[in-house]
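First to last, the protein sequences are chains A and B.
Residue numbering for the first sequence follows the numbering used here, beginning at 1 and increasing consecutively.
Residue numbering for the second sequence follows the numbering used here, beginning at 1 and increasing consecutively.
Treat each hint with caution, since some may be false.
To be verified - Label-pair distances were calculated between CB atoms; the ranges are:
(1) B/K248 <-> A/E40: 47 to 57 Å
(2) A/Y81 <-> B/Y331: 54 to 64 Å
(3) A/L14 <-> B/L140: 16 to 26 Å
(4) A/Y81 <-> B/G373: 58 to 68 Å
(5) B/G207 <-> A/E40: 23 to 33 Å
(6) A/I11 <-> B/S279: 47 to 57 Å
(7) A/E13 <-> B/H133: 39 to 49 Å
(8) B/S279 <-> A/E25: 43 to 53 Å
(9) B/G137 <-> A/K18: 18 to 28 Å
To be verified - When the alpha-carbon atoms are kept at most 30 Å apart in a straight line, the in silico DSS-like pairs for lysine-lysine are as follows:
(10) B/K309 <-> A/K77
(11) A/K77 <-> B/K21
(12) B/K320 <-> A/K77
(13) B/K320 <-> B/K309
(14) B/K412 <-> B/K457
Simulated from the structure, these hints should not be mistaken for laboratory data.
Here the structure is a predicted model, which is why all the values come from computation and not from measurement.
All C-beta atoms, glycine included, are put in the ideal place defined by N, C-alpha and C.
One letter stands for each residue in the lines below.
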Amino acid sequence: MKIDIPFLKHIAELSRIKLSKKELEKFTPQMKTILDSAKELQEIDTDDKQPMKRHVPFSSLREDMPGDTLSQEEVLKNAKYTELGFVKVYGKVFGSIEES
Amino acid sequence: MESDKYDLIVGLEIHIQTKTKSKMFCSCPTGYFQQKPNTHVCPVCLGLPGTLPVPNKRALELCILMGLATKCSINSEIYFDRKHYFYPDLPKGYQISQYKRPVCSNGRVELSNSTVEIERIHQEEDVAKSTHHIESGTGLNYSLIDYNKSGVPLIEIVTKPCIKSAQEAKEYATRIRQIARYLGISDADMEKGQMRCEPNISIQEKGKWEYRDGVIAPIGDYKLNNKVEVKNIGSITAVEKSIEYEFKRLVEALENGEEIIQQTRGWNADRGITEFQRSKETADDYRYMAEPDIPVIEISEEHIERISKELVELPNEKIKRYIEEYKLSQYDAEVLSAEREVSEFYDNLVEKLDKEVDSLSTSAKLASNCITGTIFAWLNEKNLSISEVELDLNDLVQWNLALHRNEITKNKAEELLKKSLNDDKNLSELLDEFRTKAEKSSSNIGDIIKEVIEINKDAVTDYKSGKKASLGFLIGQVMQKTQGTANPNEARSILIEELEK
Chain A
1 MKIDIPFLKH IAELSRIKLS KKELEKFTPQ MKTILDSAKE LQEIDTDDKQ
51 PMKRHVPFSS LREDMPGDTL SQEEVLKNAK YTELGFVKVY GKVFGSIEES
Chain B
1 MESDKYDLIV GLEIHIQTKT KSKMFCSCPT GYFQQKPNTH VCPVCLGLPG
51 TLPVPNKRAL ELCILMGLAT KCSINSEIYF DRKHYFYPDL PKGYQISQYK
101 RPVCSNGRVE LSNSTVEIER IHQEEDVAKS THHIESGTGL NYSLIDYNKS
151 GVPLIEIVTK PCIKSAQEAK EYATRIRQIA RYLGISDADM EKGQMRCEPN
201 ISIQEKGKWE YRDGVIAPIG DYKLNNKVEV KNIGSITAVE KSIEYEFKRL
251 VEALENGEEI IQQTRGWNAD RGITEFQRSK ETADDYRYMA EPDIPVIEIS
301 EEHIERISKE LVELPNEKIK RYIEEYKLSQ YDAEVLSAER EVSEFYDNLV
351 EKLDKEVDSL STSAKLASNC ITGTIFAWLN EKNLSISEVE LDLNDLVQWN
401 LALHRNEITK NKAEELLKKS LNDDKNLSEL LDEFRTKAEK SSSNIGDIIK
451 EVIEINKDAV TDYKSGKKAS LGFLIGQVMQ KTQGTANPNE ARSILIEELE
501 K
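Input sequences plus hints: build the corresponding full structure.
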């Protein structure tokens with residue numbers, strides 16, 4: 001993977017972060033250094049190693065029982081803007097599509 | 001919708017909200033329809049820092065059940081992945097979904113003339129509901145978000161690109177909805193957003209491509225055309241219409257020398273067209289990673305065995321049985337198996353009738369006529385479903401037998417059944433009343449026939465001069481006089497006897 005300015009710009013756009021040309025120039029080598037040091041991990045041979053992930057049997061999953069919820073007032077506490085019990089967000093989003 | 005030059009290739013993604021009491025990864029109640037916004041929400045489905053998702057067992061059982069019903073293999077170890085994108089309806093900044101190890105894979109659904117291959121069924125969580133507005137005064141765009149829907153269990157059923165027509169896509173979507181309803185996995189109401197269909201559509205030049213190992217591959221140096229994904233489809237009919245529209249649009253675009261870019265389009269049901277929403281080139285970079293907050297879940301053979309006990313005979317199996325064993329027509333078999341409640345009622349009626357009637361196909365035909373005829377017509381008229389009406393099986397058996405033994409005419413029988421449904425009257429009692437009257441008519445029939453012959457001299461003359469059709473008229477007169485209680489066969493033979501004297 002080539003870590004250059006267009007790549008970093010793309011990553012920033014995916015995260016809805018605006019970076020200036022100056023910032024892109026500053027962060028690109030930093031990002032490269034971070035990824036290079038993480039790359040050392042990939043040199044370790046893990047072929048015969050189990051992934052470090054806990055396993056649980058199906059039967060131990062949560063039973064389907066409804067429980068407590070927050071009040072509408074509590075839910076909206078962190079929202080910058082609200083309207084009629086909804087969280088209000090400014091900005092244009094692409095039409096009425098729902099990602100799922 | 002045919003083209004001499006291009007083939008249509010469709011893959012369908014269907015999302016279904018499964019019927020659980022609590023959400024996928026938290027205990028918030030799921031029934032959010034028409035509830036106040038942001039009242040079925042907790043720190044987990046609001047994506048607050050420090051919270052942990054805990055998978056809902058029932059939700060995964062329903063996902064597995066859908067997989068078993070569509071002949072998928074069920075993975076013995078499953079885990080979740082994070083799908084990242086930033087949008088106000090997604091509070092965590094990622095959706096917990098499955099990428100590498102779906103719960104179910106490699107299944108199939110049999111349709112009337114084809115088989116649709118299923119690539120995978122995976123478990124995920126629904127997003128919040130957002131509506132988009134423009135602020136009066138400032139003219140600013142804004143969205144209102146309700147997190148009640150956020151975290152509701154959602155399964156995604158993905159087919160291989162093996163669907164060849166809009167009609168086939170529609171039949172497949174209908175069948176999936178039927179299976180989900182039969183098994184109680186979901187109500188799958190598209191208008192309520194419980195089921196959503198997204199076709200992936202492409203057109204390729206005939207003879208220039210092949211379907212190999214579940215993918216579309218070019219032959220020789222042919223360059224495949226990009227696919228288009230259509231969203232915002234609100235009904236099964238719109239699945240068919242949007243694909244038909246898109247096929248025409250793509251053919252025209254290629255014929256005009258345009259290049260097709262990979263894109264997402266929205267179906268506009270009012271105008272019957274698809275509209276460009278966004279290009280897919282960058283939007284699909286979801287940066288999947290394994291969800292570290294949920295352990296690997298082991299599914300044993302015993303679990304699958306236990307879940308499979310919830311399977312019931314599915315529509316295509318019923319259709320096959322109705323045609324092969326019951327000798328019904330394809331049409332009747334499809335109508336009777338369309339809803340689980342109807343088919344169960346039908347099966348019960350046939351079973352009971354079969355104890356009284358000598359051949360199974362006769363019982364099956366009688367029960368089929370009774371349900372698809374009078375009962376369906378009445379339900380339609382009242383806009384009711386079969387489960388909303390109390391129908392006594394034993395009464396209906398008696399009704400069918402009376403008809404089968406020619407004790408009652410079809411018209412009179414239908415009249416009684418309608419009367420019993422309309423006035424909520426006991427059908428057996430109505431039949432008994434009819435029988436009493438019929439006996440009376442039968443004992444009087446000689447007198448009644450003499451009277452009819454007396455009054456209708458013209459018809460009698462016609463008959464005697466060779467117009468045999470006037471016999472029907474005379475039988476009709478007898479039936480009218482007895483208010484339909486006479487046995488028409490009996491009336492006919494006595495009439496002939498009298499007329500030939």
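Within 30 Å, alpha carbon to alpha carbon, are B/K309 and A/K77?
Violated, because 46 Å separates the two Cα atoms, which is more than 30 Å.
Taking the CB of A/E13 and the CB of B/H133, does the distance hold inside 39 to 49 Å?
25 Å, violated
Could you grab the alpha-carbon distance between B/K412 and B/K457 and see if it respects the 30 Å cut-off?
27 Å, holds
Distance restraint evaluation - A/Y81, B/G373, Cβ atoms, bounds 58 to 68 Å
59 Å, holds
Do the Cβ positions of B/G207 and A/E40 conform to the proposed distance bound of 23 to 33 Å?
52 Å, violated
Agreement of B/K320 and A/K77 with the hint, judged by alpha carbon distance not exceeding 30 Å:
Not satisfied, since the Cα-Cα distance of roughly 57 Å exceeds 30 Å.
Given the hint of 18 to 28 Å, check if B/G137 and A/K18 actually sit that far apart at their C-beta atoms.
27 Å, holds
Does the Cβ-Cβ separation between B/S279 and A/E25 fall within 43 to 53 Å?
For A/E25 against B/S279, whose Cβ atoms are near 28 Å apart, the range 43 to 53 Å is violated.
CB-CB spacing for B/L140 and A/L14 relative to the 16 to 26 Å hint
24 Å, holds
Can you let me know if the beta-carbon spacing of A/Y81 and B/Y331 is within 54 to 64 Å?
Holds: the Cβ-Cβ distance is about 56 Å, inside 54 to 64 Å.
Using the Cβ atoms, figure out if A/I11 sits within 47 to 57 Å of B/S279.
18 Å, violated
Between B/K320 and B/K309, does the CA-CA distance stay at or below 30 Å?
21 Å, holds
When the structure is compared with the earlier hints, violations turn up for hints 5, 6, 7, 8, 10 and 12 and for no others.
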